[in-house]
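Q: Could you build all of it, start to finish, from the sequences and the hints given here?
Here full-length UniProt numbering is used: the first residue of the sequence shown is 1, the next is one more, and so on.
Read the hints as simulated data drawn from the structure, not as lab findings.
A hint or two may mislead.
To be verified - Have a look at the derived ranges for each label pair, beta carbon to beta carbon:
1) R119 x I46: 30 to 40 Å
2) R54 x R144: 40 to 50 Å
3) K134 x A95: 17 to 27 Å
4) G145 x R54: 24 to 34 Å
To be verified - Below, a list of computed lysine-lysine pairs in the DSS-like style, where the Cα atoms sit at most 27 Å apart:
5) K134 x K43
6) K43 x K78
7) K78 x K134
Cβ atoms here follow ideal geometry from the backbone N, Cα and C, with glycine treated the same way.
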Amino acid sequence: MELFNKSGALIAFVLVSVGALIACQAKEDAVPPAPVIEAVAQKLTIHGGAAAERRLREWAEQGSVVAKRELGMIYQSKTQQRGEAMRLFEEAARAGDSESAFQLAEMVRLPAEDGTDSRALSLYQQAAERSHAKAALRLAALIRGADVAAQPAALK
Numbered sequence: 001m002e003l004f005n006k007s008g009a010l011i012a013f014v015l016v017s018v019g020a021l022i023a024c025q026a027k028e029d030a031v032p033p034a035p036v037i038e039a040v041a042q043k044l045t046i047h048g049g050a051a052a053e054r055r056l057r058e059w060a061e062q063g064s065v066v067a068k069r070e071l072g073m074i075y076q077s078k079t080q081q082r083g084e085a086m087r088l089f090e091e092a093a094r095a096g097d098s099e100s101a102f103q104l105a106e107m108v109r110l111p112a113e114d115g116t117d118s119r120a121l122s123l124y125q126q127a128a129e130r131s132h133a134k135a136a137l138r139l140a141a142l143i144r145g146a147d148v149a150a151q152p153a154a155l156k
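A: Quick look at the structure:
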């Protein structure tokens, strides 16, 4: 009986997501809620598909921070699209998305002469301030091994 309840909940979630996606396609200018965008991104990651990528790009162009982040996550591993991934993460991070700030910090983190990169430190701090646990851990590790002069002003 418990398995049926879990299956029923999953089927209901899928039906609601599909319905929301259809409703959004009917309204070209509407951006769906985050779970729908993430479901489309997951479909694109697993199955590929030009239509799913096109839809994510449309939502990103309409200003969806979640769509920008999800496209960035997809493009991040593709050598020819890393620049686009960084641009998308930067836009989403500026809009307050902590995961985008973290992912961008991971991409730009290159050791400088003192072993740190102030841009990466700043991005990790931004994500950590928005309760991103991995960013907080990475920031603490970098600061512990970094020169005090290289720390962002807010941390001094």
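Q: So, for every hint listed, does it hold in this structure?
A: Now for the hints, and whether the structure bears them out:
1. Taking the beta carbon of each, R119 and I46 are about 33 Å apart, inside 30 to 40 Å as hinted.
2. For R54 paired with R144, a C-beta distance near 44 Å keeps the hint of 40 to 50 Å intact.
3. Checked against the hint of 17 to 27 Å, the C-beta distance between K134 and A95 comes to roughly 20 Å, which is consistent with it.
4. Under the hint 24 to 34 Å, the C-beta atoms of G145 and R54, about 44 Å apart, miss the expected range.
5. Simply put, K134 and K43 have alpha-carbon atoms about 25 Å apart, close enough for the 27 Å limit, and the pair holds.
6. Taken as a hint, the K43 and K78 pair is honoured in the structure, with Cα atoms around 17 Å apart against an allowance of 27 Å.
7. Note on K78 and K134: the hinted pairing holds, with a Cα-Cα distance of about 23 Å set against a maximum of 27 Å.
The structure fails to meet hint 4 from the earlier list, while all remaining hints are met.
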